[in-house]
Structures are given as structure tokens and as C-alpha cells.
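S.K.: Sequence:
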Amino acid sequence: LPQKAKEAEAENKKFFAKLKKKPPKHLDTLMQELHEAEFKRTDCLTCANCCKTTGPLFTDKDIERISKHFRMKPQQFIENYLRIDEDKDYVLQSVPCTFLGADNYCSIYDVRPKACREFPHTDRKKFQQISNLTMKNVAICPAAFNIVEEMKRLIK
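When you read off a place in the sequence shown, starting at 1, and then add 23, the result is the number in my numbering.
It is worth saying that the hints were derived from the structure and are not from the lab.
One thing to keep in mind: the hints can contain errors.
[Claimed, not checked] Quick list of simulated restraints, FRET-style, between CB atoms:
hint, residue 1, residue 2, range
1, Asn103, Lys41, 44 to 54 Å
2, Gln152, Lys179, 17 to 27 Å
3, Arg64, Glu30, 16 to 26 Å
4, Asn103, Lys45, 41 to 51 Å
[Claimed, not checked] List time: in silico SDA-like cross-link candidates among lysine to any residue, alpha-carbon distance up to 20 Å:
hint, residue 1, residue 2
5, Lys63, Asn127
6, Lys137, Ile86
7, Lys91, Cys129
8, Lys37, Gln26
Just so it is clear, CB atoms sit at the ideal spot from N, CA and C, and this is done for glycine as well.
My request is simple: use the sequences and hints to build the entire structure.
M.R.: This is the structure we're talking about:
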């Protein structure tokens, strides 16, 4: 996938630049449809590349919810699992994700961070505003790659 993404990078950059300048009126609806169709075909448990190669940002709400799940104080959760990155955000101390099992199941799935719940962000409103993030996610997530390829086919 990273190789495929690299090969499509220049084309994707051009496509997203055009999309940013003049997004089609129906872009939000189209993205919702493409996202839903792709995730009917995609089984994330066969991949889990997002959990293996990147870590989510943890919001204060995420930290509260997850620490409550573990019956620990938020500060304890932070000390055990998180660090502050160069952008002053809470992130995992290490990747792959501590909460990912060998079977690709997430041990905190029901209380997982917002960033995990929304990944790969392909059904987001005003999708054209996150093109830099999408360019990164295309190299991580096969579903995101397929969605962008389909977008390029449909939006001329």
C-alpha cells in the first residue's frame, strides 16, 4: 500500500488542490456514500494498519473516558500510557497501539479515542479541508486509498 500511495501521490496532490479551489456542491453527500460503500467491503480486522503504524491524539474527554474504564485516575492513565508530542498533544508512548491484540481486536474498542472512532476521516463534512491528512491516511489505510481512487474517478 505505501508503494501504491507513493505512485498516486502527485496525482492526488493535483486532485486535492483542484478540490480545495472548487469543491462540488454534493461533496459531503458523495463522501458519505463512498465511505459507507467502502466500509461494507472492508474488514478492518484483517488489517489494523492504523493501530500498528500510527497513534491517535488523545483529547481530555478520551483520557477521562478511558481512565474511568480502567478505574484509574486520569493522571495515572497519562503516566502509564501517554506522552506529550512536539505539538503538545497527548499521544501513545509507543506504536503499535498498546491496546491492540494479536487478533487485531482493540481491548478498549467501546471507549476508544475519538480519533480512532473517526479514522480514516473519509466521511467528514468539508472533506476538502483535510486533504493533507487524507494524503497520509491513503498510505496507511486501504479503504482510504480506495475511496480516494473512486473520488478521482467520479469527480472530474
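S.K.: Confirm or reject each hint.
M.R.: Results for each hint:
Asn103 and Lys41 have their C-beta atoms about 45 Å apart, which keeps the hinted 44 to 54 Å range intact. The hinted range of 17 to 27 Å is satisfied by Gln152 and Lys179, whose Cβ atoms lie roughly 21 Å apart. In this structure the hint that Arg64 and Glu30 lie 16 to 26 Å apart at CB holds, the actual value being about 22 Å. For the hinted restraint 41 to 51 Å between Asn103 and Lys45, the CB-CB distance of approximately 48 Å keeps it satisfied.
Restraint check: the Cα-Cα separation between Lys63 and Asn127 comes to about 18 Å, which is no more than 20 Å; the hinted pair holds. Proposed proximity of Lys137 and Ile86 is supported: the alpha carbons are some 10 Å apart, at most 20 Å. A hinted pair counts as satisfied when its Cα atoms are at most 20 Å apart, and Lys91 with Cys129 qualifies at roughly 17 Å. For the given pair, Lys37 sits about 18 Å from Gln26 by alpha-carbon distance, which is consistent with the 20 Å threshold.
Figure legend: structure checked against the earlier numbered hints; every hint is met.
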